[in-house]
Amino acid sequence: MQQGNIIKPKIYQTRQFKESVTKIIVTIILLAGAWVAIMPLLWMFFTSVKSMEEIMSYPPTFFPKKFIWRNYIDAWNSAPFTRYTLNTLFLTTIGVISHVIVNSFIAYGFAKIGFRMKSKLFTLVLSTMMIPGFVTLIPTYILFAKLGWVGTYLPLIVPGFFGSAYEIFLLRQFFMSLPDEYVEAAKIDGANHFYIWAKLMVPLIKPALLTVGIMTFNGAWNDFLGPLLYVNNEMMYTLQIGLQNFRGTVQTQWHYLMAASVLVLLPVIIIFFVFQKYFIEGMNIQVGVKG
Amino acid sequence: MSSLQKAEELQGFIFILPWIIGFIAFTMGPLLFSLYASFTDYNITSKMNFVGLKNYITMFTKDPLYWTALKNTIYYVVIEVPLKTIIAILLAVMMNQKIYGIKLFRTVFYLPSVLSGVGVYILWMQMFNPTSGLVNTILGFFGIQGPAWLFDPAWSKPAVIIMKLWGAGGTMLLFLAALQGVPQQLYESAEIDGANAIRKFFTITLPMITPAIFFHVVTSLIGAFQIFQEAYVMSQNGDGGPVSSLLFYNLHLWNKAFEVFDMGYASAMAWVLFAIVMVLTVINLTVSKYWVYYEGGEK
Numbered sequence: 013m014q015q016g017n018i019i020k021p022k023i024y025q026t027r028q029f030k031e032s033v034t035k036i037i038v039t040i041i042l043l044a045g046a047w048v049a050i051m052p053l054l055w056m057f058f059t060s061v062k063s064m065e066e067i068m069s070y071p072p073t074f075f076p077k078k079f080i081w082r083n084y085i086d087a088w089n090s091a092p093f094t095r096y097t098l099n100t101l102f103l104t105t106i107g108v109i110s111h112v113i114v115n116s117f118i119a120y121g122f123a124k125i126g127f128r129m130k131s132k133l134f135t136l137v138l139s140t141m142m143i144p145g146f147v148t149l150i151p152t153y154i155l156f157a158k159l160g161w162v163g164t165y166l167p168l169i170v171p172g173f174f175g176s177a178y179e180i181f182l183l184r185q186f187f188m189s190l191p192d193e194y195v196e197a198a199k200i201d202g203a204n205h206f207y208i209w210a211k212l213m214v215p216l217i218k219p220a221l222l223t224v225g226i227m228t229f230n231g232a233w234n235d236f237l238g239p240l241l242y243v244n245n246e247m248m249y250t251l252q253i254g255l256q257n258f259r260g261t262v263q264t265q266w267h268y269l270m271a272a273s274v275l276v277l278l279p280v281i282i283i284f285f286v287f288q289k290y291f292i293e294g295m296n297i298q299v300g301v302k303g
Numbered sequence: 086m087s088s089l090q091k092a093e094e095l096q097g098f099i100f101i102l103p104w105i106i107g108f109i110a111f112t113m114g115p116l117l118f119s120l121y122a123s124f125t126d127y128n129i130t131s132k133m134n135f136v137g138l139k140n141y142i143t144m145f146t147k148d149p150l151y152w153t154a155l156k157n158t159i160y161y162v163v164i165e166v167p168l169k170t171i172i173a174i175l176l177a178v179m180m181n182q183k184i185y186g187i188k189l190f191r192t193v194f195y196l197p198s199v200l201s202g203v204g205v206y207i208l209w210m211q212m213f214n215p216t217s218g219l220v221n222t223i224l225g226f227f228g229i230q231g232p233a234w235l236f237d238p239a240w241s242k243p244a245v246i247i248m249k250l251w252g253a254g255g256t257m258l259l260f261l262a263a264l265q266g267v268p269q270q271l272y273e274s275a276e277i278d279g280a281n282a283i284r285k286f287f288t289i290t291l292p293m294i295t296p297a298i299f300f301h302v303v304t305s306l307i308g309a310f311q312i313f314q315e316a317y318v319m320s321q322n323g324d325g326g327p328v329s330s331l332l333f334y335n336l337h338l339w340n341k342a343f344e345v346f347d348m349g350y351a352s353a354m355a356w357v358l359f360a361i362v363m364v365l366t367v368i369n370l371t372v373s374k375y376w377v378y379y380e381g382g383e384k
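Chains as they are written, first to last, in this note's numbering: chain A, 13 to 303; chain B, 86 to 384.
Each statement offered as a hint is correct.
Output of the computed footprint for chain A on chain B, the stretches with three or more beta carbons under 8 Å from beta carbons of chain A:
1) 108-121
2) 171-185
When the alpha-carbon atoms are kept at most 30 Å apart in a straight line, the in silico DSSO-like pairs for lysine-lysine are as follows:
3) Lys199(A) <-> Lys211(A)
4) Lys35(A) <-> Lys183(B)
5) Lys285(B) <-> Lys20(A)
6) Lys22(A) <-> Lys35(A)
7) Lys158(A) <-> Lys132(B)
8) Lys374(B) <-> Lys132(A)
9) Lys183(B) <-> Lys289(A)
10) Lys130(A) <-> Lys91(B)
11) Lys183(B) <-> Lys30(A)
12) Lys183(B) <-> Lys20(A)
13) Lys211(A) <-> Lys91(B)
Think of the hints as simulated: they come from the structure by calculation, not from any bench. Glycine included, each C-beta is placed from N, C-alpha and C at the ideal position.
Chain A with its partners taken away, still in its complex shape (with noise of 0.2 Å):
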């Protein structure tokens, strides 16, 4: 080998270099891409507090003239925005407690306890989930229907508390992960499985009932098919219906439109940044998934 002959790479060949220009790429596209998500958020609320004018002016605006804040206050109380919004807690707390609760429960079956035909129970349980909403929907509305509950919030409620495919198989995961033999020692203490679920599992699967809880008041928030189909009164208006009638009203006012719609979404937007890891929690067990 000849001494002092060894080909000395360019900077640009490097490892190094190569590495930090695909990060300042990266970076560059991460961060157009970061204004494309956050852009309609902001926009939403910059046309929430202008005024009418500026809305139609042309060219349109982006940032406001003006700040006027007022807008919120107009908007909530041009329809009955207060009560919508009662009406929309009651049934997210409901939602919320009874599908923690049963869900947990039938997950916990499905999980620990060995009978005859669980696993095929169990494979039931998960193809329900490919039926269209919308094939049980007509003859679930004829059911209600018939037995005088449309009008009533009890075809909104009813349900909840008979388990939901994707909760149960979520949770199961996550009572899976727990060890057999706490539930074969308390066992032999002369616990049986209500006792165990209750007070030995549930404690232990906080986090998980802590996702699913997230995950159904999100559903519960933004459920708008429901109330649409069962609600026919307007003091029984939940905040998304009362939202879309709140549209027909004021058609062209988007500025109060917008702040509505801010009012609207806000609740959810401070859960996702409060609660930010169970909903990513949800995702991680659907990658669990195989085949």
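With the hints as your guide, set chain B onto chain A.
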């Protein structure tokens, strides 16, 4: 069976009882009822008259709006599902780099996907407003005269798809979790063999996350066929938008069921949708053997 085993069986049964009741009352029962209803002319107040295949025949031969709705839905599914999958994979790969502020990026991209409902639709209706909307304003900076979006039959579906792509962050997170499970040694040995970034992506990254891609494609296909709310809210209470361009399958079904109360016809429509979704899912499962890679060869 010992008494201990019997007690175990009984408790197991009690634990899953709520699901069994719910399955019979809200799944099995409704399924059977709607299958029967699809062969009748039922409007809730009338008697159920058996009419054989009449609803199905009407659907395929005498209801032009049915075909419009089906075509619109297929258009939506064929564009939205692959586009969202590709965007989410690319985002996930970028998010998987060690970059300054990556956690913040992840949060910002993920946020839109948890937002839904009427508030989001109102926001996007204004985004797509032809004159005062942000989308056309930005296009204007580049000298592009934007279309009328939701008011233009050619652009109303793309508008809805763009809105849905805004929520790609949820799928991104799914793929990111899968990416983080890819063993680093694979990349290291590929580098020793002199593989470049693109080569590594196609021979390691992509095959290793095929289970997550498969899961996403199966579920999002089922979901996309059921698009309803977006079109209902964004097209003036379900009229289907300009020239019925936003009349999706479930919107047409909804109008048949709850506007004209033709429950038999709507049930028949629902069963055809069910059949489409089932066939596609079975095809998906069958084809998956050829492209989904499971570590350790488990199938």
